[in-house]
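Q: Please model the complete structure; the sequences and the hints are all you need to start from.
2 protein chains.
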Amino acid sequence: MANYDTSFLERMIDQALGRMEADIVIRNTRFLNVATAEVAEGDIAICGDRIVGTYEGYRGKVEIDGRNLTCVPGFIDTHVHVESSLVSPGEFDRCVLPRGTTTAICDPHEICNVLGTQGLDYFLEAAAGTVLDLKVQLSSCVPATKLETAGATLTADDLVRYKGHKHSIGLAEFMNVPGILYKDPDVLAKLAAFEGCHIDGHAPMVSGRDLNAYLSCGIRNCHETTSLPEGLEKLRKGMQVLVREGTVCKDVKTLSPLITADTSSFVSFCTDDRNPLDIHEEGHVDHLVRTAIAQGVPLAHAYRAASWSAAQSFGLRDRGIIAPGRRADIVLLDDLETCAVHGVISAGRIVTPALFENRRLPAPIGLDSMKLAPVSAGDFVVKASAPTGPVIGISVGSVVTEHLTMTLPYRNGERLPDPANDVLKVCVVARHGKNRNIGRGFVKGFGLARGALASSVGHDSHNVCVVGKDDAEMALAVNRLIEIGGGFVAVADGRVVGELALPMAGLISLKPFEGVRSDLVALRAVIRELGCPLPEPFLQLAFLPLPVIPHLKITDHGLVDVDRFELIAA
Amino acid sequence: MANYDTSFLERMIDQALGRMEADIVIRNTRFLNVATAEVAEGDIAICGDRIVGTYEGYRGKVEIDGRNLTCVPGFIDTHVHVESSLVSPGEFDRCVLPRGTTTAICDPHEICNVLGTQGLDYFLEAAAGTVLDLKVQLSSCVPATKLETAGATLTADDLVRYKGHKHSIGLAEFMNVPGILYKDPDVLAKLAAFEGCHIDGHAPMVSGRDLNAYLSCGIRNCHETTSLPEGLEKLRKGMQVLVREGTVCKDVKTLSPLITADTSSFVSFCTDDRNPLDIHEEGHVDHLVRTAIAQGVPLAHAYRAASWSAAQSFGLRDRGIIAPGRRADIVLLDDLETCAVHGVISAGRIVTPALFENRRLPAPIGLDSMKLAPVSAGDFVVKASAPTGPVIGISVGSVVTEHLTMTLPYRNGERLPDPANDVLKVCVVARHGKNRNIGRGFVKGFGLARGALASSVGHDSHNVCVVGKDDAEMALAVNRLIEIGGGFVAVADGRVVGELALPMAGLISLKPFEGVRSDLVALRAVIRELGCPLPEPFLQLAFLPLPVIPHLKITDHGLVDVDRFELIAA
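In order, the protein sequences belong to chains A and B.
Using the numbering used here, the first residue of the first sequence is number 1, and each one after it goes up by one.
Using the numbering used here, the first residue of the second sequence is number 1, and each one after it goes up by one.
One or more hints might be untrue.
Below 25 angstroms or equal to it, Euclidean Cα-Cα: the simulated DSS-like pairs (lysine-lysine) are [claimed, not checked]: (1) A:LYS183 - B:LYS61; (2) B:LYS163 - A:LYS166; (3) A:LYS434 - A:LYS383; (4) B:LYS183 - A:LYS61; (5) A:LYS163 - B:LYS163; (6) B:LYS146 - B:LYS434; (7) A:LYS371 - A:LYS146; (8) A:LYS163 - B:LYS166; (9) A:LYS166 - B:LYS166.
Since the hints were derived computationally from the structure, they do not count as laboratory data.
A: Below is the structure:
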């Protein structure tokens, strides 16, 4: 909180008592009380960054006519990788705060996988400058596994140095479930170092005794829940369930029945990975609240999950309810049922475009992150002993893959793509200058009739991922990616047909979010023309290398059988 | 948590996975899940001080047959002055832990008012030795007001030195409401010094804009709520309502309607001031839970208030639910509805009498705290200009008093008691060696037909309080109190007829709680013989000097009109 000295206390006391006008008063408004689950009526008085009055009459230096509005506490995105919005933290701020997201708890593990602690420093510096309250979790699993080559490693010692930083909030999603179950010493060292602090979870489909062991280590929540029985087991075992709606993973409809009057204190919302198109078209946390209410979640409890429950479960005890003494993070709605955002107050400041000017934000970093030499068609040849072998099966809107076994065209000891059956080649090329690894395999489900797609976003190590049926086009796409400093590239008929540059660590654009959004629209149209029916082909590509999500993935080391947590031959 | 290193993590993982037997397993039991509000069935596995398994089958080195039991999370007393139990922290531990209270959040402000930081040090040292988890709040208002003489003063600087101590938990009940409303610099300095930390409240009958101002300073809860409308206003303004059932103040029946599925996360329980007789006869937090359920509070939500809600609202995120990774604080019940305690597990240790042996507890302190010279009858003469004036009106089971105006017998410029109308003299004699103040006044409602009662317990400055109709008997009672080093004394017919010595700071016995209980029973019988119908005459006497509770009180400075917060003539 800003300026917390006794003179600020004096000013709050005087304004709360009505001895002087409040800084801002929302007059004659309705507001949702997440403690009593009532819609209340009256004035809301604000002094500095804090609410100082509810349920009483107030006058203010600035008065907002609240007669046609309903106020709710500011939304908290409990788990977000800002990098997935493809814009800088400053642009993310400008994009989501007007949607009502007044607090975002981010894990910068994408940029840390590329740049190490430099990424953490960048985000912590950004957090000091954004208007919304950006809390930075300390990325716990960089690299996510030993089955890939990341740009950096964050050790327990690296992380401990940031413990207690005013903009940080404990250890970020602990993805290395096998590392816990098999008692990996590095993994246990991190858990022990953060004992008693917040430790975020990541436990897709982990259940039974495995889940018990995972929780025993002090991990408290999970945003990777995708089915109702899975969610119920996690709630029953005391986990905060962070219901997610990202661009690929959309879980709100499925998990809404978890949110009741009994349970709403134990459920929160998050976006995880959400691109600027979706934020523009659907919204941010406001979209999740709206969707949950449409699914039948009681109004008060949907909003409680989006605010108070989220705040409590991360130890943010200064916010999450419209009440005196709390942070003045308030969303003004035209309609409660549809979560129609009219305006936002962030720590006592009315959110306007001008508010985003003059923020002190850090300069871009990691502009030379494509540390690989140009490739050629021959680099993508898949040598195999037989035509029958593993193929990654993808499905729309899921980061979980199938482990298929298919017989492919086979020539000169090479397995080949089978475009007629929608099987393409997929490769992952190391880009951090540590080695010249290339992982090779096949994927079914992209529906790409021609051309190739390449991306420098490839969770979580962010090596180059490329998919296509022609090795030469794949090489062209990768080489163009190197030229533009990373991003997304589409190639067809032997030439580049679309691209989006993400020169900051190969992950983040230097443009305003509006520019990224329109580039994405154009790129999406190009790819649709290539026959790909996926709404988010680059995101589906980007999650293929993530070996902490079942079932078959590919890294620069090769194909990973996630269930057995080992490399297999292509 | 004990022994938190990677080897403990390894052991927990192995036990959670069933690779090795758990340290303790409660087998085939039912247990209340406070997250889902369900009664679950299965095994509960414990490793060290922590739960490592629920909802799965386990075998243990020690196995408890849970077939006829229902387990609930350990109870948390959110606000207790251990001194009010009249026994040492070690005896308090032995007394309440077997009742299911596994965490007690205490405020040692009684002993701090007598001994200053020595009292804090004593409690913090005791907290390291008790079996139950004793959390020590830092007494924020020593002395409570400037209208009394305490034995010590705790300044903001004194308190800040203890901030972050592993057994401490923020600032204790902030009683000085007028100090906030009138912006007392010392008061504001304490609030500013603890910004962002937990700050406990105390706001009896504070409402409207006053309550808003109070809350704006970061104060989060209140245990002084005595009516439903008051409780509802506090809930609506985001306060955690700590529903209290002490020996004098009994609020559970009145406030039970506040606890619903919607609100239970915002309500907790506390005992505040509860003597060993009541603990023995009725119980501790178990009694509050039982009473709330009998009043119709839904089972799961009564238990949630007693555990999870309490833990969350004090930032104790490691407990409050029976789930893996949480502290193994478990109450085993014979019956859920009546909260019939069968046994207790405290941080993974089965509570038996032997568990209390070999605790390392601090030696008694403050054995020379009666720093006053003997008094004589003449010290209690009440000079007044007229027969009509103020009289304190007490009512059974309330610490709130009435401000009466009565005409009393009047002779030689002296107002005199009127025993026929149940009006006695009440005096408060300074005992901390700072001055020789005596406050003098009258009280209606004790029903004492003869004799005098004196006490060295007199909230919160703990000067000597004495009530009677005869000045000589009052002097005899006070002088006996000096001889025994403090405690309670009853005098009748010119001799001492009953007493309980409390030589530690004049507040705490050196005996085991069983001895104190039987002494109290004897003393109670004696006083009943003197005609006093009050169930707790010494407690009602002890609260007469507390000038932070409405409406008319008496300190060593004289009569205090609490509503106007000023001294008035007797």
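Q: Is LYS183 of chain A close enough to LYS61 of chain B, meaning Cα to Cα at most 25 angstroms?
A: 22 angstroms, holds
Q: Sort out whether LYS383 of chain A lies within 25 angstroms of LYS434 of chain A, counting only the CA atoms.
A: Satisfied, since the Cα-Cα distance of roughly 24 angstroms is no more than 25 angstroms.
Q: Would you check the hint for LYS163 of chain A and LYS163 of chain B, treating anything up to 25 angstroms between C-alpha atoms as holding?
A: Status holds; Cα separation ~18 angstroms.
Q: Sort out whether LYS166 of chain B lies within 25 angstroms of LYS166 of chain A, counting only the CA atoms.
A: Given that 25 angstroms is the threshold and the Cα spacing comes to 20 angstroms, the pair holds.
Q: Verify the proposed pairing of LYS146 of chain B with LYS434 of chain B, using a straight-line Cα cut of 25 angstroms.
A: 14 angstroms, holds
Q: Against the 25 angstroms threshold, does the CA-CA distance of LYS163 of chain B and LYS166 of chain A hold or violate the hint?
A: 17 angstroms, holds
Q: Can you confirm whether the C-alpha distance between LYS371 of chain A and LYS146 of chain A stays at or below 25 angstroms?
A: It holds: about 20 angstroms lies between the C-alpha atoms, which stays within 25 angstroms.
Q: Sort out whether LYS166 of chain B lies within 25 angstroms of LYS163 of chain A, counting only the CA atoms.
A: Holds - the C-alpha atoms of LYS166 of chain B and LYS163 of chain A are around 17 angstroms apart, at most 25 angstroms.
Q: CA of LYS183 of chain B to CA of LYS61 of chain A, is that 25 angstroms or under?
A: 22 angstroms, holds
Checked against the numbered hints listed earlier, the structure breaks none of them; every hint is satisfied.
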